[in-house]
Amino acid sequence: MSTTRSFAALVSATALVLSACTPAPQAAPTSAAAPPTTAPAKPTTAPAAAASPAASPAASPKPAASPSPAASPAASPVAATGPAAAAAPASGCPNQPAAAGAKKLKVGLVTDVGKVDDKSFNQSAWEGVQCAQKNLGADVKFIETTDPKDYGKNIEQFAQDNYDVIVTVGFGLGDDTITEAKKYPNIKFIGVDQFQAETLPNLAGLVFDEDKSGYLAGYLAGSLTKSSTVGQVLGTPVVPPVEKFGVGYIQGAKDAKSGVKVLTACHPGGLARGFSDPEWGKDTANQEMSQGADIVFAAGGNTGNGGLLAVADKGGSVLGIGVDTDQYLSLPEAKAILVSSAMKLITPGVFNIVKAAQDNTYKGGNITGDVGLAPYHDLEPKVPADVKSKITQVTADVVGGKTKTGWSGTPTSNCPQG
Amino acid sequence: MRFLYSVGVPLLAVLTALVLGAVVIFATGGDALRAYQGLWEGSLGRPQSISETLVWSIPYVFGGLAVALAFKAGLFNIGVEGQIGLGSLASVYVGYAVKDVPFPFHLFLALAAGVAAGALWGAIPGVLKAKTGAHEVIVTIMLNYVAIQMTSFLVSGPMKDPNPLIANAQTPKILQSARLPPLLPDPQYRLHWGIVIAVLAAVFVWWLLNKSTLGFEIRTVGANPQAARYAGVAVGRTIVVTMALSGALAGMAGALEVVGLNFYHTAGFSVGYGFDSIAVALLGRGDPIGVLPSAVLFGGLAAGASRMQFLSQIPIDIIKLIQALVLIFIAAPALIRWLYRVRVPREAESVAGEVQLTASWGKVEA
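Those protein sequences? They're chains A and B, same order as listed.
Numbered per numbering that gives the first Met the number 0, the first sequence spans residues 0 to 417.
Numbered per numbering that gives the first Met the number 0, the second sequence spans residues 0 to 365.
Only chain A is shown next, with the shape it has when bound in the complex:
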């Protein structure tokens, strides 16, 4: 039975990680720190074997004293050779207790003009902070911003109250975060999705390798396709992340199934329309499906969402893959056909940096967070067990840098082809 095999694979992978991760008190590594509606799916449904993303504690007998994964997360999974090699990062809250006698932190979070329950970046980041509350005993609070002009002021609410760590979510807060970080050198800042051009010792920008995320989506698509044709609907490649998603997807699909045809379309409208044209997304997805694509990956904000909705209109004969966060939750209209999403794992990323701050291993600059696939949710039965275990393996390899994603490292602003 395929389910038995997948269950066995999960159990073994989980057990291996747990055995390395001594202090973990529970059997379920993805803890439900967050409220039920926001909690990630049950560990058994997670394609990524629900292992701890903190691979470096696994390599070290004393997690709390080990070099924090946040300090060098890009490198840490690579270091996770041996027992944890098959483990891929989990999207939820890693279950890591604080070191004995560690200082209780005060952690504040400022959203961009979105809410902490937006089922997207703000919510994921807030779950990371709540995770710190649960595991590290941190005192946590958030402020939701209504107008960009208040970013600085909202950050100051926490700064003036001597918070230890302040998390700001989204690229829009980048400038204000830098200003406040310079003004309050003793407070450690975490800028989610904020690329740091210069390194400040007290500002960690949490960024992600989209090509790796795209690769995983491609690999899943390539593994599941029956027609040997998969499609992707992208926003504008003027934005490097879009190009990276696309390149990774193509490579992933080809690695999963040689000879697979990947239909790629990028929105031609540049920044102005590239992410806000669901109609184009719909038309394009329909076109790709009429050319035989039976899996469509959509990465391009509302444009991509339009593509997913077109897939949903097919009533289940074609499957879709979402992007950035678990779109099963953020785009419920398409949940019947969403087999997974190419996620940026913001929750563990934020948690790890907060933990690093508590452990005094915090570093400024760009910190690369892990990526992974969202749970299969309702389509779990459609994914064969061997594909599941393969995806778990590939996720670990890609995140660890063992597998090349096809990304050259230099954006070209061209629509990826292949």
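Derived from the structure by calculation, the hints contain no laboratory data.
As the structure is a computational prediction, the values presented were derived from the model and not from experiment.
Even glycine gets a Cβ: it sits at the ideal position worked out from N, Cα and C.
There may be inaccurate statements among the hints.
Claimed, not checked - If we take Cβ atoms under 10 Å as the criterion, some of the chain B residues that face chain A in the derived model are:
#, residue
1, Val54
2, Phe274
3, Ser305
4, Gln308
With chain A fixed as given, assemble chain B onto it according to the hints.
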């Protein structure tokens, strides 16, 4: 008595809204006392908070004046949102694209561009109404969409900051020479000279409406366009001028946000100033001077929101809800009178009926 009435009823409305808000906060599991402590500390309780409240009040003053001025001519300018947006856009463009103009002149140019853009955007529905009878409510609502989409297109395309590290749809920052200096030397206070300009603008609009010939014409057209035409007032021209002035005030709101506070413009400017402005004007009873305290109230509620959330951790929506409650009670003074058994003083009856939203509805332009 008349003064007591016109001040007392809004005060009672605010008070009632706060009490009801407390019930809502309590019902959602929050601590109303902590929430209002936060609101107080964040809006008036500290010097920095007062500065923030006034910073937030500035666009509300101009937006409120824009709506109030149009009210006087019997016009309902719902297009303030779009006019503010285009004011910002024009001002930011002059601010970063025009170079080598020394300080005060560059600033004036940027402000003038914002005012002109707002005036133009306001004049369009005015002209359409005067020439074709097209209803300004419909036209201004539609022009809001045009303005919002146009801004979104420009700031993510032609006007986008060329810096490749900036992924957001936003313009470059305006040059130092186009920036309005802060009012206070201490950088923790963001209050800028816009507040002084705002007060002057309120006084000017009051003077314009009550002491000038144009103001007389505006009020006459508002009261009865047929009579105004009979009396020799060029009704069409007055409508166009009023809408242009209204738009100019809104454009100034947008321009001041750029030159005094943000120094750049970004997509999604619709944080709702334009729509809140209608409420500000109503709360101010359509009076230019009344708009000032009303704008400060809205500014205070907005500025106090951060601290309120920080202390009580209630959702930001609650503060919007309290604003809405204030409005309901303001818009329905009869409710407050009934609740508190306030009798209408005879001289104040005209005050109560002064704001006539419906004056411009369904009117056929002869």
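Hint check results:
Hint status for Val54 (chain B): holds, given a least beta-carbon distance of 8 Å to chain A, under 10 Å. Against a cut-off of 10 Å between C-beta atoms, the interface hint on Phe274 (chain B) is violated, since the closest Cβ of chain A lies about 13 Å away. Satisfaction of the interface hint for Ser305 (chain B) is found here, the shortest Cβ-Cβ separation to chain A being roughly 5 Å, below the 10 Å cut-off. The beta carbon of Gln308 (chain B) comes within 5 Å of a beta carbon in chain A, closer than 10 Å, and the hint placing it at the interface holds.
In the structure shown, a violation is registered for the earlier hint numbered 2 alone.
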